[in-house]
Amino acid sequence: MNGYAGKFLEVDLTKGTCSSFTIAEARLKKFIGGSSLAAALYLEKYNLHTDPLAPENPLMVMNGPMVGSGFPGTSRFAVTAKSPQTGIWGEAACGGNFGPELKRAGFDGIIITGQSKSPVILSVINGEAKISAAGNLWGKDIYEVTDICKAEDKGIKVLAIGPAGENLVKFAAIGNDKAHFIGRTGLGAVMGSKKLKAILVRGNQPPGKANEEKYKEIFKAAIAEIKDSAFAESLHLMGSDAAMDLGMMTGDVPIKNWTLGEDFELSSKLSGPTMRETYLTKAHACANCPVACKRVCAVKDGPYKTEEGPGPEYETCCTFGTMIMNYDLAAVIKANELCNRYGMDTISAGATIAMAMELYEKGIIDKKKADNLELTWGNMDTVFALLKKIAFREGFGSTLAEGSLKAATQLGAKAMDSAVHVKGLELPMHDPRGFHGMGLAYMMSNRGACHLQHAAMGMEQGMVSWPQLFEMKEDYDGKTSQGKAMLVFNSENYGILDNSLSICHYLLYCLKPETIRDAFNAITGFNFEFKDFLISGARDWTLKRGINNLLGVSAKDDVLPKKILTPLQEGAGAGSIPDMKLLRDEYYAIRGLTANGIVSEEKLLELGLPELRNKLYKK
Amino acid sequence: MTGYKGFTQEWMDAWKEKIAGSKEYKEIAKDWEGSVSITVNADPSKNVPEPVYMFTDYWHGDVRDFFICDAAKAQEAKFIMTGDYARWKQVAKKELDATKALMQGKLKLRGDLTYIVRNVKTINKVIDLLTEVNTIFPDEG
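Quick note, the sequences are listed as chains P and Z, same order. First residue of the first sequence? That's 122 in my numbering, and the numbers climb one at a time after it. First residue of the second sequence? That's -11 in my numbering, and the numbers climb one at a time after it.
The hints are simulated quantities; they were obtained by calculation from the structure and are not laboratory data. Don't take every hint at face value.
Said to hold, decoys possible - To be clear about the criterion: a stretch of chain P counts as covered by chain Z if any three or more of its residues have a C-beta under 8 Å from a C-beta of chain Z, and this derived list gives those stretches:
| # | stretch |
| --- | --- |
| 1 | 350 to 359 |
| 2 | 363 to 372 |
| 3 | 576 to 588 |
Said to hold, decoys possible - Estimated spans, in silico, between C-beta atoms of each pair:
| # | chain 1 | residue 1 | chain 2 | residue 2 | range |
| --- | --- | --- | --- | --- | --- |
| 4 | P | 509 | Z | 63 | 54 to 60 Å |
| 5 | Z | 64 | P | 428 | 41 to 47 Å |
| 6 | P | 497 | Z | 52 | 53 to 59 Å |
| 7 | P | 723 | Z | 100 | 53 to 59 Å |
| 8 | Z | 72 | P | 345 | 16 to 22 Å |
| 9 | P | 248 | Z | 100 | 30 to 36 Å |
| 10 | P | 329 | Z | 115 | 48 to 54 Å |
| 11 | P | 275 | Z | 66 | 42 to 48 Å |
| 12 | P | 257 | Z | 66 | 42 to 48 Å |
| 13 | Z | 100 | P | 271 | 34 to 40 Å |
| 14 | Z | 82 | P | 326 | 53 to 59 Å |
| 15 | Z | 19 | P | 253 | 57 to 63 Å |
| 16 | P | 326 | Z | 66 | 49 to 55 Å |
| 17 | Z | -10 | P | 715 | 58 to 64 Å |
Ideal Cβ positions, reconstructed from N, Cα and C, are used throughout, including at glycine.
Chain P extracted, bound-state conformation (with noise of 0.2 Å):
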């Protein structure tokens, strides 16, 4: 099969045994690959009810079919488990060189169960598989293991877990190869459970293409569009952070945690441009990526000073900054590092720090609860011991790693206006204030709020334009709720397939859907149309959907939080708030949801998902 290696490895960690299996080329066409294909697998073979962190619960890393092919953005994986933080389905994606590796490798993905008795490390090279022990890796951070585990060979893809894995702090992440991070939903803590310390895989077997001079003459297209793309510039030469001085203007930027509209003293300290001129060392590209927007940072001296490597995305500037009130980027930096040395997302990370310092200073906590620490606002000496707490579960640190809606659970009812989330997974950094669209994804996104699981951003900032794929303006007002949720629908169908083909999300913007469409066919020798995406994207949206509908997932879990549903003072969102039952009740509407959020059984037969509708209707 072209793009695929086409197999899958199966690991079972309390048995210490490997093996590998197949998936007819039906399916695959079906699924594609990715989290899509993972929650296929996981709704077919495994127990949705077991708890998160128990053996049986499957880690997933899985590739699509582009994964290796050398296509610009192309470098994405993800990796799946029931979530530990929201007890629904969890997921993230992440790029840099370990999915083309895997696939080099000979496996499309990688399903563990199981619990070692030891910690352990998984290797995976050239189709062999190995269980061995991790010896004194246990315990070290994510920078420490990765080196040890290259030591040998600089070659050699890692993905391993730090203390906070280790710890099973709910939002624990993954390093990959230290530079990128498999952050969101808690799935460090399901690899911690498993006392699996790091995967490493290693591979020369690179995948077939159907078309190979189609591919080539598709390939050449996609460079020059990248090269012609402000949005591509902007990202090479700012990164994520590009978003920081336009998204103040535009009522975008979450501040004080999402109390305050407008300060664009935080945003000039803390954007893009500030960090090109300041603390960047260098740009960093995933594999075969032309756009290279990672940053690559060090503080060179001063309180903050950190080692170069990997720097602070957007969501990072935000949440230990504009959401913390600190104004110090060189702080940002820091802060980011410890993240990414204990193993924790940074988004969770930062939020749930703020909720607590709002909590502070609202009199809910006081100091004694905070083990003495002054948890006032831009505090960072506080931030820094506070981190280090939640990635070793020490005090009050072990409340906060429980992410902010069990800790607000754990500090009592007045606590709970404070926590900003989604069916338990923070907001990312984006105020649905400003852009009333992006409200609802997060309400309706499968893995709780997320920026990422669609392209409504993309589509209400007016930072793409898709006319070809399907009804829409060029410049929406964000603040207005009507015709949300058409927009949101179409968003996800396309936005949620860099999930399922493992294309990058910056990728999808940069490039026009008849350049991605036109790659995958010649890769895979599929010939989808647009609308076969489209299907494909809605199938998988429905798909995750009802198997949280299994979890218990229904109407009452698809609201905003209080914070986003009251008004802010200044700022360009000032006096919006989202119409939460507008853009639900069309939504659902739209996506054949039932009044009380479940999908209904005609979506399911017409996705072609039976197996779904018999669980979720009792066949």
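Please arrange chain Z on chain P, whose structure you already have, making use of the hints.
Leaving out everything else, chain Z in the frame of chain P:
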């Protein structure tokens, strides 16, 4: 209200007057240094038979040169913005945000993008003031 034929010198003068008279602009643009040329691609079907080149220059909140120029002069600007007539018309009528047009590839920019991002408020204010000029568009007049 007086109407000005779009993309002419008298129209540019009216635009310049709006900018020069804006206290808000003066404050927002206090750090801006440099010129921006605007090229409107020819569209004979819309009564724009030849490309129109405009040279605009700004300095620390003041407006300096603001004139119709030739292609060579347009190339001398610190920032060069180019687009089809229909797109510029949408921008001037506030139907399409200039930043969005840039990201969607409907307008092209040559120059230091980081400077533009840092000063996006200035750019938006200049465009906002343009939309206040009562314009008679070539295909509407």
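Evaluation of the provided hints:
Closer than 8 Å: that is the beta-carbon criterion, and the stretch 350 to 359 of chain P has 7 residues meeting it against chain Z, so the requirement of 3 holds. A stretch counts as covered by a chain when three or more of its residues have a beta carbon under 8 Å from one of that chain; for the stretch 363 to 372 of chain P and chain Z the count is 4, and the coverage holds. For the stretch 576 to 588 of chain P, the proposed coverage by chain Z is satisfied: 5 residues have a C-beta within less than 8 Å of a C-beta in that chain, meeting the threshold of three. Between residue 509 (chain P) and residue 63 (chain Z), the C-beta spacing of about 56 Å keeps the proposed range 54 to 60 Å intact.
Between residue 64 (chain Z) and residue 428 (chain P) the C-beta distance comes to about 44 Å, which sits within the given range of 41 to 47 Å. Range check, residue 497 (chain P) to residue 52 (chain Z): about 47 Å between beta-carbon atoms, so the 53 to 59 Å window is missed. At roughly 54 Å, the beta-carbon separation of residue 723 (chain P) and residue 100 (chain Z) lies within the given 53 to 59 Å, and the hint holds. The hinted range of 16 to 22 Å is satisfied by residue 72 (chain Z) and residue 345 (chain P), whose Cβ atoms lie roughly 20 Å apart.
Distance hint check for residue 248 (chain P) and residue 100 (chain Z): the Cβ-Cβ separation is about 49 Å, which falls outside the suggested range of 30 to 36 Å. One distance hint, 48 to 54 Å for the beta-carbon pair residue 329 (chain P) and residue 115 (chain Z), holds here, with the actual separation near 50 Å. At roughly 43 Å, the beta-carbon separation of residue 275 (chain P) and residue 66 (chain Z) lies within the given 42 to 48 Å, and the hint holds. Checking the proposed 42 to 48 Å range against residue 257 (chain P) and residue 66 (chain Z) shows it is violated: the Cβ atoms sit about 57 Å from each other.
In this structure the supplied range 34 to 40 Å holds for residue 100 (chain Z) paired with residue 271 (chain P), their Cβ-Cβ distance being about 37 Å. For the pair residue 82 (chain Z) and residue 326 (chain P), the beta carbons lie near 56 Å from each other, so the given range of 53 to 59 Å is met. Roughly 58 Å separates the CB atoms of residue 19 (chain Z) and residue 253 (chain P), a value that falls within the hinted 57 to 63 Å. In this structure the hint that residue 326 (chain P) and residue 66 (chain Z) lie 49 to 55 Å apart at CB holds, the actual value being about 51 Å.
One distance hint, 58 to 64 Å for the beta-carbon pair residue -10 (chain Z) and residue 715 (chain P), holds here, with the actual separation near 59 Å.
Going through the hint list in order, the structure does not satisfy hints 6, 9, 12.
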